[in-house]
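Following the hints, complete the assembly by docking chain B onto the known chain A.
Listed here are the chains, written in short residue letters.
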Amino acid sequence: MSEPPSYPQIEPTTFDLIAAGTGLAECIVAAAASASGKTVLHLDTNPFYGSHYSSLSVPELTSFLNSNSTPSSPPSSTSTTTDSLDYSIVNLTTQPVYSDVEISCFYPELLEENLRKFNLDLCGPRVLFCADKLIDLMLKSGASHYVEFKSIDASFVGDGNGKLWNVPDSRAAIFKDKSLTLKEKNQLMRFFKLVQGHLVATVAAGSSGDDGNGNDEKEGKTKISDEDLEMPFIEYLSNMQLPPKIRSIILYAIAMADYDQDDRGVCQNLLKTKDGIDRLSLYQSSVGRFTNASGALIYPVYGQGELPQAFSRRSAVKGCIYVLRMPVTGVTYGKG
Amino acid sequence: MHGRPRKAPKPEDLAAFSAKAEKLRILQSQFLSNHHQKIYTKEAVELSAKLLEINPECYTAWNYRKLAVQHSLFESNLDPDAVNSILNDELRVVENALRQNFKSYGAWYHRKWVLNKGHSSIENELRLLDKLQNVDPRNFHAWNYRRFVAALLNRSDEDELNHTQDLIDKNISNYSAWHNRSVLVSNLMKKKVQAFSQKDEVLIREYELVRDAVFTDEDDQSGWFYHLWLLDQTVKAESPLLTSSWPAHGSDITLSGDRYLDLGSSPFNTYHFDSGSLPLILYFNQAVEGVNVSTVTVSSGFNVNKDVIWKPILSNNSKTAHVWVGQLKFPKVELDSLGAYTLECMYNLPKKNQWMDLVQKKYHGEMKNFHIYEPDSLESDLVLPLDHLSIKNEHELSDSSWQEKIIDEEISNFRELLDCKIGKLTLARLLTARDALVSSDKSVHSEEVLRLYSELMKLDPPHSQFYKDEHSLILFEKVISGRESLLSYCFRYKNLTSSSSSNPICLRLNGLSLSRLGSFEKLLWVQMLDLSHNELRSIEGLEAMQLLSHLNLSKNKLGSFTSLESLRHLKSLKVLDLSYNEIGAHSVDTTKYLCSSPLCHSIGSEWDGSELVTDGVSLVSYWEAFFILKGLKLTQLDITGNAIADEKFTAFLAEVLPALKWLDGVQLN
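In order, the protein sequences belong to chains A and B. With numbering that gives the first Met the number 0 applied, the first sequence covers 0 to 335. With numbering that gives the first Met the number 0 applied, the second sequence covers 0 to 668.
If you're looking for bench data, these hints aren't it; they were derived computationally from the structure. There may be inaccurate statements among the hints.
[To be verified] With a straight-line cut-off of 25 Å between C-alpha atoms, the simulated SDA-like cross-links for lysine to any residue are:
hint : chain 1 : residue 1 : chain 2 : residue 2
1    : B       : K169      : A       : K222
2    : A       : K149      : B       : R126
3    : B       : K111      : B       : L31
4    : B       : K310      : B       : K632
5    : A       : K175      : B       : Q220
6    : B       : K169      : A       : L193
7    : A       : K222      : B       : D418
8    : A       : K182      : B       : Q220
9    : A       : K175      : B       : G583
10   : A       : K177      : B       : L31
11   : B       : K420      : A       : N238
12   : A       : K192      : B       : K310
13   : B       : K660      : B       : H585
14   : B       : K130      : A       : N291
15   : A       : K177      : B       : L160
16   : A       : K177      : B       : L77
17   : B       : K169      : A       : A292
18   : A       : K182      : B       : Y206
19   : A       : K244      : B       : D418
20   : B       : K169      : A       : T290
[Claimed, not checked] Reference excerpt, derived from the structure (chain A facing chain B, CB under 10 Å, subset only):
hint : residue
21   : K177
22   : K184
23   : R263
Every value quoted in this text rests on a predicted model; they were computed, and no experiment measured them. Here a beta-carbon is modelled for each residue, glycine too, at the ideal position from N, C-alpha and C.
Same shape as in the complex, but just chain A (with noise of 0.2 Å):
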């Protein structure tokens, strides 16, 4: 077999780990084993890094879905498997992500005049929590040098109505919040601190082996029974009587629950009241967690292509010979 005379050579030629991609997984394995002293290649056939979690421009974007759409390059011969005495070979194939490509532009002018304006996440724009185990994470390996964040000014919950509403997700944003009542006020963050104390409470009962509800009760810091955190965490709001908007803000804004937990029949996922609350202690170890970020939300100013990215810098930086543009056409077993 012979190698098409595109590909240079790559020296060393003997690796501890070779990696094909160069998704967000891909190059945190990168990292992580160049960081541990193991050497590393890591390969992507595309011209830029991140493979499916990568943000492109406009013209990278078409180019990119036109040539992912049909099969590439079919193999070129029927000899899927070469064996020789020695090693066999194994002949990768990629499957297109993507079928029935159409890319229209309504408005060329306007793009154009645009087009170095913006990224486009090719996984779709995903937020990222403060207190994301993905953030300790780049945190831990130093990845975080190499990306800069930018924080989610606002979010908003839409009502039956189409109206938008802010989320107050912090005693602050409370205060601040014009649209609810004193009332609703009063019991939101009163929630807030019962969720509080139960974290507070569970801490203390695996520090201390018992069961949390000894000492810690008297300072109100109180555990959630266990009958409460196994229900539905919409029932658990509405035994907490908390009015229906209140309710919603809770449900979706800051425990993003994917489904309208409402309504049982299209409800895929229905939320328990543990998970619900581990996702409120996700949302409140956020806020504050950086002090340039005013919420709990935090996103890479370029986009979400920065992370692996990122990861695949710090590799680099470690030992790991990156080389894009570089296909993996073929695995070699060896023999015995």
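Chain B alone, transformed into the frame defined by chain A:
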């Protein structure tokens, strides 16, 4: 910083400390030798900077730098560039020192000194402050300095108010910001700056803000204090008012013989005196000063003696007092009024020979000796003056409707927050304030307020004594307000039957579980008062009742003589029952935590060392009792049932109270 736990230093820390101390000592000795030799070279000045950046508390070094600055300013011939660079150097040193210790008085003071030279940019200071206040938003040095900078910059109070708003928005627990806000709002209202000219509008805005804070987090105390301040601003009278007086405004006085006075022939207004003078009592709603012949105009149908000397009844060393007493020498009679509030009475003094000496009869605080005072048909109109004892209504502010509106709004809001203590407490305060605004004597909400305080006692046991005291004040007022209620507590001493209309009425408020007294302005007429079987720990404020001749305080919780300080001012007191209290039972005197003006404040100025030893009786061991009792002319005293009462104390009492005829029911020689 707040809420940081103190940790024990580790061994390596201790080693680092001693190394640092060694370094500091060397620096300090070098610096001091420079200082003493007045060396102001660049190196010497830098050395002081180095010292200060490690230890900003070194005052001498700051002073040295001031001398050095003056020296180099002189050398520079006031060339603007050189001056700037010299002063900027100072600011930089201070900034570094503050980074080391944010709370260094010396550093902050030095910075003020530099800025007062007037050559530095002040705008920079606000930026620095923002940075520092971001780190510690409640640092009082930074707040002080901020006020200093704001004044230098001529920053408007509105801008500063917005700044407090920003900080409160960030964190509602910022006490300092709330406090600065109260100062700024007061200033703006006083100056009647636009948007602050209408007091009611300002207060409504502020109520809205603090309501948001209190409802968002009812456990956070910073909002409570601001709310309390706002409520005070809402109900506070703009200027002092004469709340009540004795003899009542417009009352007639009848003088019987030369020692008996009958005002309007009502037993509530009879007063007998044996000193040849009659006290005139003025009760103001706030402590005032400057009551004298020129400010109080006295008018009567009589011979007016212009020489009435007005004396404040002081509970501390200030010159202001709620209560002022003037002695009216007979046979001249006077009337009194202060400033704009003219008190005008006509005194009538026909001679009657109805004088009786109550004082020499033994007084028993027992129920059987009294019969309830029931005005018969003849007398009923004589009781009417009771309602006129208070002259408050006549001086009511013309328009209190905005106050009522604001407080009603707050009441309806706080009814929504009744499941926590601050909600209940605030509602109780609001309702009390609301009742005080209504010009009638009836307290519409007193039942509800009493219930709220009872609930609070159960809900919040650590502070139950406070709620109990508030409860007592309301109960006390309820009991003595309104004719029906008051009359049911008025008794007449049975044995004194010679003249039914001239016997003083005894007000018996016993067995009501009272722990605190109030509403004295309505009780100026009382001469015989029975407060036995209550839970009093202090009688603060009782000094207003200047006519008191008989006082029963037995079976209360009075713990010491200091808690009886008010007695010092009751010069008419003849009969006093202190039996079965806790005087002498507590080794630690906690009165100072109960009274706003404990005795210890007034001690010293009046203490005369020569009085310490009298006939071998040690006054030192009873100095509190001595201090309270020495000016009184008691003829009868009951002290039994107190830990302090023993033979030694009896001997002491005989020494201090030469007029005493009865002690613990036993006639003295």
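Can the restraint linking A/K222 and B/D418 be considered satisfied, given a maximum Cα separation of 25 Å? 21 Å, holds
Does the structure keep A/K182 and B/Y206 at a Cα separation of 25 Å or less? 16 Å, holds
Are B/K111 and B/L31 close enough, with their CA atoms no more than 25 Å apart? 24 Å, holds
If you draw a straight line from the CA of B/K660 to the CA of B/H585, is it 25 Å or shorter? Answer violated: B/K660 to B/H585 is near 29 Å, above 25 Å.
25 Å limit on alpha-carbon distance, applied to hinted pair A/K182 and B/Q220: 18 Å, holds
Hint status (Cβ of A/R263 to nearest Cβ of chain B, threshold 10 Å): Hint violated; A/R263 Cβ to chain B Cβ min 33 Å, cut 10 Å.
When you check the alpha-carbon spacing of A/K149 and B/R126, does it fall within 25 Å? 24 Å, holds
Taking 25 Å as the top limit, are the C-alpha atoms of B/K169 and A/A292 close enough? 13 Å, holds
Is the straight-line distance between the alpha-carbon of A/K177 and that of B/L77 25 Å or less? 56 Å, violated
Check the hint pairing B/K310 with B/K632 against an upper bound of 25 Å on the C-alpha distance. 19 Å, holds
Given pair status - B/Q220, A/K175, alpha carbons within 25 Å: 18 Å, holds
Quick one, are B/K169 and A/L193 close enough, alpha carbons at most 25 Å? 22 Å, holds
Of the numbered hints listed earlier, those contradicted by the structure are 1, 9, 10, 12, 13, 16 and 23.
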